[in-house]
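Protein chains in written order, with the working numbering: chain A, 190 to 814; chain B, 190 to 814.
Mixed in with the good hints, there may be bad ones.
Which residues of chain B face chain A? A partial, calculated answer using Cβ under 10 Å [to be verified]:
hint : residue
1    : Ala476
2    : Thr479
3    : Glu626
4    : Ala630
5    : Ala714
These are computed hints drawn from the structure, not numbers from a lab.
The beta-carbon is built from N, C-alpha and C at its ideal position, and this holds for glycine as well.
There are 2 protein chains.
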Amino acid sequence: MVSASFLPVAPGGGRLQPVGIDQIRILGGFWGDRQQLNADKLIPHSLRWETKVGWIENFVRAAEGTIGGRHQGREFADSDVYKLIEAMAWEVGRTGDEDLDAEIERLGALIEAVQGDDGYLNTRFGNPGQEPRYSAFAWGHELYCYGHLIQAAVARIRTGHEGAIVRVAIKAADHVCREFGKGAREDVCGHPEIEVALAELSRATGDARYLEQARIFLDRRGHGILPDIEFGRSYYQDDEPFRESTVLRGHSVRALYLCAAAVDIAVEKGDAELLEIARLQFDATIARRTYITGGMGSHHQDEAFGVDFELPPDRSYCETCAGIGSVMVAWRLLLATGDLRYGDVIERALYNIVAASPSEAGDGFFYANTLHRRTPAMPADPDEALPRANASLRAPWFEVSCCPTNVARTFASLSTLVATASDDAVQIVQYAPASIEAEVAGSPVRLTMATGYPYDGRVVVTVDEAEAPFDLELRIPGWAAGATLGGETVEPGTCRIEGLTTDDVIELDLPLAPRLVRPDSRIDAVRGTVAVERGPFVLCVESVDLPGGLDVAEIEVLRGAEPTASGRGAAIRGRRVRHAAAPWPYGPDAAVAEGDAEFDITLVPYHSWANRGPVTMRVWVPEQA
Amino acid sequence: MVSASFLPVAPGGGRLQPVGIDQIRILGGFWGDRQQLNADKLIPHSLRWETKVGWIENFVRAAEGTIGGRHQGREFADSDVYKLIEAMAWEVGRTGDEDLDAEIERLGALIEAVQGDDGYLNTRFGNPGQEPRYSAFAWGHELYCYGHLIQAAVARIRTGHEGAIVRVAIKAADHVCREFGKGAREDVCGHPEIEVALAELSRATGDARYLEQARIFLDRRGHGILPDIEFGRSYYQDDEPFRESTVLRGHSVRALYLCAAAVDIAVEKGDAELLEIARLQFDATIARRTYITGGMGSHHQDEAFGVDFELPPDRSYCETCAGIGSVMVAWRLLLATGDLRYGDVIERALYNIVAASPSEAGDGFFYANTLHRRTPAMPADPDEALPRANASLRAPWFEVSCCPTNVARTFASLSTLVATASDDAVQIVQYAPASIEAEVAGSPVRLTMATGYPYDGRVVVTVDEAEAPFDLELRIPGWAAGATLGGETVEPGTCRIEGLTTDDVIELDLPLAPRLVRPDSRIDAVRGTVAVERGPFVLCVESVDLPGGLDVAEIEVLRGAEPTASGRGAAIRGRRVRHAAAPWPYGPDAAVAEGDAEFDITLVPYHSWANRGPVTMRVWVPEQA
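Let the hints inform the model, and build the full structure from the sequences given.
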């Protein structure tokens, strides 16, 4: 194994180096609370549910040879067990939790018992009484499952463990290289994931075969290898080669996982052209196909991107996993290009998609993250798994339950996103109370970041130790016009402070006044509306906060009104809109709405919505015409 | 058999009596052209495709006992053969076409050979090597298929024929009453249709059992008999009893077919309460869940209604069959209540949904009828059946091909919608060049309607014969403010002219100047936009008509501009909008768009769009802020 820090992503090149979760500790605050919630609730909850719904038992039955006709869950159920193991592995790395470590080994033994001598591993295919292996590339998800197995193994390797999961994953990866390598079977999986996993396994083991296999999969896709389906081959990015594409399209999570892999492959292969292609695709997606929350995916039907500027708030899909996928891509691009603005993308998705998914109690999750809820959602049954995108309040589990474990692995490994290092500098990418140990030009640097961010804009970075002078780069968020460093105004982008040494203290003030935001005029679905942001938070109106039992459909913001801070959110002056009851909703006068008394509209951080019972909610609020 | 005119719908009660397709002849014009297209193209095209894709061969194989494992098409493929036979039957009634008559008998013989001794009939279930009969009520569509079989038989009965289809349908209906009657199996079909068919068969045969069976199905549904599914039981209206519902919901076509049946049952049973429930549900749906085109269904995912005012133009589903279903409901309500305003609903759906589906050449169909096309659709392969809602130009056939034959049966029987009769009056419901023979208080009345409508607003009705004086009622469309009768202004609604006798001439002038229309302020997705209508037509902008290669995303209507007539559509003053290219589409200034030179925006009737190659298109055009 190649030595590395506790790193989810460890590129062999690129402009910035990541810092491991053993070197960056989040010390409470917004993300510290979520890491604690993850340890206390999300991970045990996920293990309990994967046991309850039989996805772990699948491995026992497969090992016994009795799985035929009795497989539980969807084709890709194995992957969620692997993703949970990955979450546990980072959590063991973060905390040293020995019980979790033992649980990983217990699960690893169950999994290892299923694996064939040749490395094939799946509980849904290829066992007695089941369809044959590799008979359903479009929907079978066998390679996708290997991908998550491999990512779990990488987490074990990077946190200093070996054991069953690592053995099994390497054996599976070797099997994949033999079966799907150059000159072997010319197939790709309907769901990209193996690519990003193999690239990281190559980094973790130093074995270039895995990287090459990832590249083969990337370049093989896009030539109509998978069957045409109702959604079109764009659904699984098999409609055109990645290198010829200009924007992400089709199933959002599939597109994002593939794009993340492309960055990894580009960096490891030194393929600057491929890196630029991936960057342009992602930038175009951010500019034209992303919701204000950072959410991606406009279509419920196929969990897919719409076309440019097709971003309906009430049918926004914004799958939690797509938010995580966008963090994966943005993080890799940030490391590769050194452009800290990708930290803006990460911040937006983390605060407004990833943080929105789990309930405050940690016992339910949003799969889809709508920007507009027109009718109050009913609470989900705490004992029943829902279909993937059921229109309820957060559900305890899903039949397609990719999101909960994806949140868990992201939370467990979150601290790596806080800072990076380069040859002569440390970069602060996300603001949170944290201790940071990095290395600049071979010299250790220790920093402490003290902040109440995102509720307080002051960030104090203290240099606890620096053997040699180093520079500090701070990401000034794009929204933070008016930020000051030691009282001096700094522009959004990257702010560099040179020659820091031990005991130096940096004071950054980020402006947290609420901001009125308007949409691009091409986003037809929210024409004539405004939104309010505050710091990294997108805010929303919940009906529970409106006076007199008003619904979110009955309000508008006064023209010229400016938001003011209120609690953790904001307030803005608005009025009630009365709609005429008419038998037909179109006509010369149909749009006339009559306002009456004015009042303050309360807005709260979007991520916190639907924690106070059934409500209606909207992010984009109509503005007085 | 009970004697009746050539009537698709022949209620035993209600305020108005329908007039048969043998008594109303459409004499050219907009709908005459479409009836001719139906005879020349749509019906032969459908027969050719049902042969090509094997749906007719299914009957041959089922009769031979070799269908197991070889069934072609979806579970409900039989129904489209039946719907085609219904279209042919009305066409035979309309024209006396002997070749079509022979074709019906040929198909009838194939079908009869499949029917079991007990009346069961299906090529997809219950045959050797297939799943057992009635093992899949949610998705099996067996009762749905009987429904369309029965409607085909009703068309044969009503046009004076007997033969195989009639024998088979009655045997199937008897089977259904035995199998699913009171005290028998307590099931309902996942797709309503049998109800409306049984009610009409009861009318056509005088056998009250069929009506009672329809009532049993109506009242049995809504109690969670069908399995819960991802879309919820509302998808197939099994979430709450029809009599407790207040608005249509779930799958649009399912909801509309069920509502049509409810009106029929209410009328035949004298159940005024049920009639009122159906009326209120439909009225609420028109007021809050219907697109300006009369289209219904906001969700691609489940072909379903959204919640109130959730009407996104770019994701409008507006299935052609839902447009036909809304005509079915509105027609039954018009007959039952005598309220001619339901003729407005019918007119809107006919001109803007049903007429929009087939291409001008009669060789392709829209399944979904979007109000906003953001990227040019590619032409469909003329030799390949597409999935149901593929985002292309009109397709020659679909894997789910309910729409083409639904259009065909509607066109063939269209003339019945033109006029009705009551005890003392004839009602003109739709304007078209036509001859009308009706009976008022036992006395024959013959009228000729001469008009160039919808392209010319003058309608001249001549009384060719009236044995006794009678009254004439005219539907003045809701949009027709300023209409005049003999030079005198008449109000939208019903205009009654009393005491007409032979040789009287009535001259109605409907104003066909283009009208600017705005949406209800609760329809968030089209806030800040306007549409233009002209006569019964909703207009749209196609990119092919814009100057300088502009796209429909780059225009706005000038504030205060009024549309003027242009060709069969309109023109309205607008300007180009330049959008700033920005890396992130939200911000304090993101909505600022810069206009330049003004020009006329050309609008054409929506139904005609996409007949001139790939274009972008929009009905709702942004208005200068």
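Against which earlier hints does the structure fall short, listed by number upward? Violated: hints 3, 4.
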